[in-house]
Every structure is written in C-alpha cells, then in structure tokens.
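Chemist: The lines below spell out each chain.
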Amino acid sequence: MNARYGMVIDLDRCTGCGACMMACAAENNVPPIPQATPRTGLTPMLVRTVSNGMEGSARREVFIPITCMHCERETPCVSVCPQQAVEVDKATGIVMQMPQRCLGCRYCMTACPYHARYFNWWDPAWPAGMEKSLNPGVAVRMRGVVEKCNMCHARLHSAKAKAAAAGKREIDPADYVPACVEACPTAAIRFGNFADPDDPVSREAHSPDAFRFLTRLGTEPKLYYKSKEAWVRALAESKSANAEVQHG
Amino acid sequence: MASSTFTDTRWIARGEERTSLPQFLLWLAPWAVVFAVGIYAAGLCLYYGLNQTNMDNRFAFGLWIFLDLGIIALGAGAFFTGFLVYILKRAKLQPILNTAVVVGFICYSGAVAILMVDVGQPLRAWFTFWHPNTHSMLTEVTFCISCYLLVLCLEYVPILLRNRQLRKLPSFLVFEHQLHKLMPVLAGVGTLLSFFHQGSLGGLYGVLRGRPFAFREGFLIWPSTFFLFILSAIASGPSFLMLVTAAVEKITGRRLVSQELFQRLGFISGVLLAIYIAAKSIDTLIWLNFTSPSVGFAPWQYYNYKPFGLPILFAEIVLFGLLPAFLLTYRRSAKRRGLLLSAAALACAGILLNRFVLTVQTLALPTLAFDEFLHYTPSWQEVASFGGVLGYGVIVYSLSYRYLPLFAQPKGENTHVSGS
Chain A
1 MNARYGMVID LDRCTGCGAC MMACAAENNV PPIPQATPRT GLTPMLVRTV
51 SNGMEGSARR EVFIPITCMH CERETPCVSV CPQQAVEVDK ATGIVMQMPQ
101 RCLGCRYCMT ACPYHARYFN WWDPAWPAGM EKSLNPGVAV RMRGVVEKCN
151 MCHARLHSAK AKAAAAGKRE IDPADYVPAC VEACPTAAIR FGNFADPDDP
201 VSREAHSPDA FRFLTRLGTE PKLYYKSKEA WVRALAESKS ANAEVQHG
Chain B
1 MASSTFTDTR WIARGEERTS LPQFLLWLAP WAVVFAVGIY AAGLCLYYGL
51 NQTNMDNRFA FGLWIFLDLG IIALGAGAFF TGFLVYILKR AKLQPILNTA
101 VVVGFICYSG AVAILMVDVG QPLRAWFTFW HPNTHSMLTE VTFCISCYLL
151 VLCLEYVPIL LRNRQLRKLP SFLVFEHQLH KLMPVLAGVG TLLSFFHQGS
201 LGGLYGVLRG RPFAFREGFL IWPSTFFLFI LSAIASGPSF LMLVTAAVEK
251 ITGRRLVSQE LFQRLGFISG VLLAIYIAAK SIDTLIWLNF TSPSVGFAPW
301 QYYNYKPFGL PILFAEIVLF GLLPAFLLTY RRSAKRRGLL LSAAALACAG
351 ILLNRFVLTV QTLALPTLAF DEFLHYTPSW QEVASFGGVL GYGVIVYSLS
401 YRYLPLFAQP KGENTHVSGS
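Same order as they appear, the protein sequences are chains A and B. Residue 142 in the working numbering sits at position 142 of the first sequence, with consecutive numbering throughout. Residue 91 in the working numbering sits at position 91 of the second sequence, with consecutive numbering throughout.
The shape of chain A in the complex, shown without the other chains (with noise of 0.2 Å):
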C-alpha cells in the first residue's frame, strides 16, 4: 500500500531551540555558508519566531519549524518546474526535488506559497576538516541548483535496504525517522504515515487543535501544526483573510 507520510508539529512543545534545522543541515550536508543573509542561506527546515503583537505581560510568542509541506494536490512546484526536477513520489507522498536535474530556473521557489525552497546561491563548501563528517548517503548541491526537504530520502532508502535484506516488502516505520524528527528535544515534530489510520500521528493530525498553513489555496499540505492556542491557530490562514488574527 502507498504511503503518505507527513508531520504533526506541536507548537506548544517547540523551544526554537533549533535541534531541528541543525539535524537537518547535518543529515543532508547542507554547507555553512558564512557570507549568506537570513535572505540567502539554506535552511530547508526553519524556525521561525512570530509574536501575538502585544507588548508586556500580554505578549506571546511561538516558534514555527518551517520546512517543505509535500502538498498533495495542485502541488504548486511540481506543475511549474520546466524539466520535471520536481515530482510527488506516489509510493510515499513525498515530493522530491532532483538537484541534478534542476536548471536553478528558480520558477518552483515563485511559486510555494509557504517559501520552503532554497537556492544555492554560493559552491558548497566546508571548513577544512569537517568534510569528513558529510553523510556518504547523500549527494551534495552544486551551486545554482534549487533544494528543499525531502523527508531525509536517504533514510528511506536506508530502511528499504534493511527490509529487503530481511527479506520484507514493508519497512519497520521505526527504521524511518527524518533528523528533525529524532533530534528535537521536546517530541514536538512527530512523523508518520496519514495513509494508515492507526498511526498515532494520523489521528493527532485530525485533534481539535491542529491546522495546516493556507489550507484555502486547495494544495492539500501533508504538514499539521498543533496549538491550544486560539491566536497561534489564526495564524493558519492569510493576514488579509482573517483581519481579526493582527498576531493577536
């Protein structure tokens, strides 16, 4: 059966400490680059800090881990991409970015809404040294070349190496952890399959307190955000649409 793996974030949960983003440039060999501008880095998971807009005891603030949301339908990169670097793999929901293919045309980057895409606009490279601590599983970008999440393929592939070698058509969903998920202290990004309605994270995404970003556009993201609070979930739709949200 094909799956439609996703992620259920609890923003109650998140401290921004940023085990996260620092998972997620370590497992897939995301360079330093030292002269980018929060404009011009790579980041394909980001924790973003938005405040209630209140000053003193009032304010609130809340940390949102940003990364690619592998909407389903109408997937807005996918349709856009000139040379079909960009696909919604069917067997996992996943959608996948081929940088070997990518032309840097930049056009899929125009077109998500959520800004989940990254440019290499510099040549990867690392301080003397740290080379030797790349992931030998996946492939490092050129410059020039559009990257974003992919779910840690490579930890796919990984599990799928192990459930073969065992001679299983299925994989154990606990050989499969993207870094995000394993290395934020609070449990509060969970990962699993929206395609069996037994996963714990599949019904989580179906709480009273979850949301997705933009769910208007119609692309169907495969990743919920989860908040008690009423101001955090108004976040959900667009500033214009709900005048009454002003962070507040």
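Heads up, some of the hints might be wrong.
[Said to hold, decoys possible] Quick partial rundown of chain B residues pointing at chain A, CB under 10 Å, derived from the structure: (1) Y48; (2) N57; (3) F59; (4) V119; (5) P122; (6) R124; (7) W130; (8) N133; (9) R209; (10) G210; (11) L374.
[Unchecked claim] Chain A is nowhere near these chain B residues, computed Cβ spacing over 12 Å in every case: (12) T9; (13) A60; (14) L169; (15) I251; (16) N289; (17) R331; (18) R336; (19) Y392.
Hint data in this document are derived by calculation from the structure and do not stem from the laboratory. Even glycine gets a Cβ: it sits at the ideal position worked out from N, Cα and C.
Chain A is already provided as a structure; the job is to place chain B on it using the hints.
Modeler: This is chain B only, laid out in the frame that chain A set:
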C-alpha cells in the same frame, strides 16, 4: 568627409547618405562601453554565481525577469507587423517591416541572453527540451521563444543579404530570393509561436495558485493572464516601433516613414490597447470579487503595502491605458506627431508597469500570515547586465540602419524616403 582609406561607403546602399565612419564610430563608442560593462557584469554572474545579484530565496525573480517580460512584449511588433503585412495583406505597413524584424530580433536575442545568465545552471538549458514538463508554462515559453528566435534569424538574414557588398555574391542573391519567398510562411509560423509564448509568459504568473495576487482563473488550461499578455503585447508592439522609428528619425535628422504610417500604427495600437484595457478591467473585477477571496485572500489588502497602492492600478488602467488609447485613435490628436508619440510612450510604459506589477509586486507581497512585506533593490551587476542588452541593441540597430535597407518602400509606394 572621411579619407578614402578610412571609409565604408562601398558597404552602404547606393544613393543612401550616411554620416562619416569616424562619426559613426564615435556614436557607437559609448554604447560599446555600456555593452562591455554588461558583458563583464554578466561574466561575474556566470563565474561566481547568482550571489552577485540581490535576488534571494524570497525574491527569486528580480529585475531580469521583469525586463525580459517587458522587452519581449515590446518586441511583439515584429511578429504582429509580419502578420499584418503577410497574412492580412496590409501592404501599407511594409515600410516598417524590416525595422520591426530587427527590433524584434534585438529584443528576443537580448532576452534569451539575459535568461541564460538568470538561470543557475545555464549549461542545463537543453534539459527542458529533453525532459519537458508539458504542464509547465515555462516549458511552453522555452520552446516557443527558442523557435521564434530562430524564425527571427531567418527573417533577419534576407535583410542582411541585401547589403550592397553581399548582394554581389550570386549565391547570396539566390538565397535571399528564396528566403524572401518563405516570408509569408515564416510570418505565419512566427505569429503562431509568438501567440503562444506571449501568452505563456502571462500564464507564468497566472497559474501560481500559491501567489493569490497573480493567480487567475481562465479558459481550459490557460489563465486569463495568458490572453491579456497576448493582447497587451500586440497593443504595445506597434507603439514601440513608432518610438524606435521616431528616435532614429531624431538622431539621423531624416524623415523615414510618413505621418500617415505613424497614424496607422497608432490607430492599430490604440484600438488594441482599448480592447486590452476593457479585458483587463473585467479580469480585475473578477479577481477582486471572486478569484482572490475564494483562496482566502482579501484582495484590497494587497494595496495597503506602499508604494504598491491603488495608484498603480489606476495608472495601469487609466493613465497608461485609456488615455493613450484615446490619444492614439482620436484623429485630431493622432495628427499631431508629438501627441501621437507621447501616447505611444504612455502605452509602452503601461505594458512595462503591468509586467512590473505581475513579477515584482507579486513577490514582494506576503502569503503566510506572519510574512513580512519584502523589498528588493537590484545589484549593479543586474543593472549593468541589462544595460549590456541595451548597448547591444543600439549597436545592432545602428549597424543595421547604416548598412541595410531598413526603411525600404514597397513597389508602387510613392512615400518619400529620405536619404535614399
């Protein structure tokens, strides 16, 4: 007069008067500098990468895409004039045809050159032909622009072969004659290709579901911007041809085409502009009332971000739309050359503004509730690279004007052509 050892008169058409070669070179010199700086800037971008620009992950398209879309629209005069002359048999537009081809060739070749710098991996450009995604508007753009540039080259060659020295070679003469017979076919092919790539450039943003400011419903697979771009391109193309011709007349001090032809071009431009503005107004109303609210965005909020306020929408529809459409079509204003050219300039400015709004404003606006409104200023490399295209255009046009019959009259026309 230039000395006999430093002259190019034997390359200039018999009977044509042109400035001396040193003076001509002096005219070219600053443009050559602009071109050289552009080449250097583009070289930096190719060698060091697009970190030389001020684009970023949020502003992934910038000045280059805006100007590419702009000059491709303005260059539409090439295919549209060919269509009018060869397909609709409007022979009175013949005198402007050669210059339209050269302007179109410059616009398209310049745009393609900049696109090659704008992509992160230019050596992979052929991937689009090898692994085409038929659902992508950019695939359609790539195919049609590449093919149309080839058509423009084929249309430019016969003009090139009419050079005084090249005509002396019998094989060139035969080749030119054979190519000339192909012109109606090329005009038809060019029209078809241009129809699709002008439209696809509009569709490029119109299909972006994730950018509700640009997203439009449409007809079958094409968003409304597909049709609006075609209309606006064929409306502005003739106006741009008028402006180029008027500029050449001013610089050379010669009258190159008749006032009647200018008025004819102006009328075509004005009528099409009026149709475009009517269609755009309807489209805007549909977007304001249905399309944008249906995807969760209150459209008027977009105009709260300064400087992208409502005056831009007003300028696009009234100042750069209805006003020039009226001035170009109203007989009394069209008879006054200054007014006619001002109206043509307004029409072209309006189309550029439209491309700016669709490309730059779309990316500046937030989508997520916690996004900020973005600012972007192009780097000097971006500006200089496009300056290079301008320099290239002036050089190619100047050479073409000097050595080729750009403003030839059709047989039987008695319109005075100065300098010949």
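Chemist: Quick check on the hint: P122 (chain B) CB to chain A CB, less than 10 Å?
Modeler: Result: holds, 8 Å to nearest chain A Cβ.
Chemist: Take a quick look at R336 (chain B) and tell me if its Cβ sits farther than 12 Å from every Cβ on chain A, holds or violated.
Modeler: holds, 43 Å
Chemist: Quick check for students: does the CB of I251 (chain B) sit more than 12 Å from each CB in chain A?
Modeler: For I251 (chain B), whose nearest Cβ neighbour in chain A is about 37 Å away, the distance exceeds 12 Å, so it holds.
Chemist: Double-check F59 (chain B) for me: the hint is only fine if its C-beta lies closer than 10 Å to a C-beta in chain A.
Modeler: Since the shortest Cβ distance to chain A is 8 Å, the answer is holds.
Chemist: Can we trust that N289 (chain B) is non-interface, i.e. its beta-carbon lies farther than 12 Å from all of chain A?
Modeler: Consistent with the label, N289 (chain B) stays out of reach of chain A, its closest Cβ about 15 Å off (over 12 Å).
Chemist: Verify this label for me: Y392 (chain B) is non-interface relative to chain A, using a Cβ-Cβ cutoff of 12 Å.
Modeler: holds, 23 Å
Chemist: Going by Cβ atoms, does R331 (chain B) stay more than 12 Å from chain A at every point?
Modeler: It holds; R331 (chain B) is separated from chain A by about 44 Å at its closest Cβ, greater than 12 Å.
Chemist: Taking the least C-beta to C-beta distance, is G210 (chain B) closer than 10 Å to chain A?
Modeler: OK, holds: G210 (chain B) within 10 Å of chain A, min 3 Å.
Chemist: Return the status of the interface hint for L374 (chain B): holds when the least beta-carbon distance to chain A is below 10 Å, violated otherwise.
Modeler: holds, 8 Å
Chemist: For the hint on V119 (chain B), just tell me whether its beta-carbon gets within less than 10 Å of chain A.
Modeler: holds, 5 Å
Chemist: Looking at L169 (chain B) again, its CB stays over 12 Å from all of chain A?
Modeler: holds, 41 Å
Chemist: Taking C-beta pairs only, is A60 (chain B) more than 12 Å away from all of chain A?
Modeler: violated, 4 Å
Violated hints amount to a single one, hint 13; each of the other numbered hints is respected by the structure.
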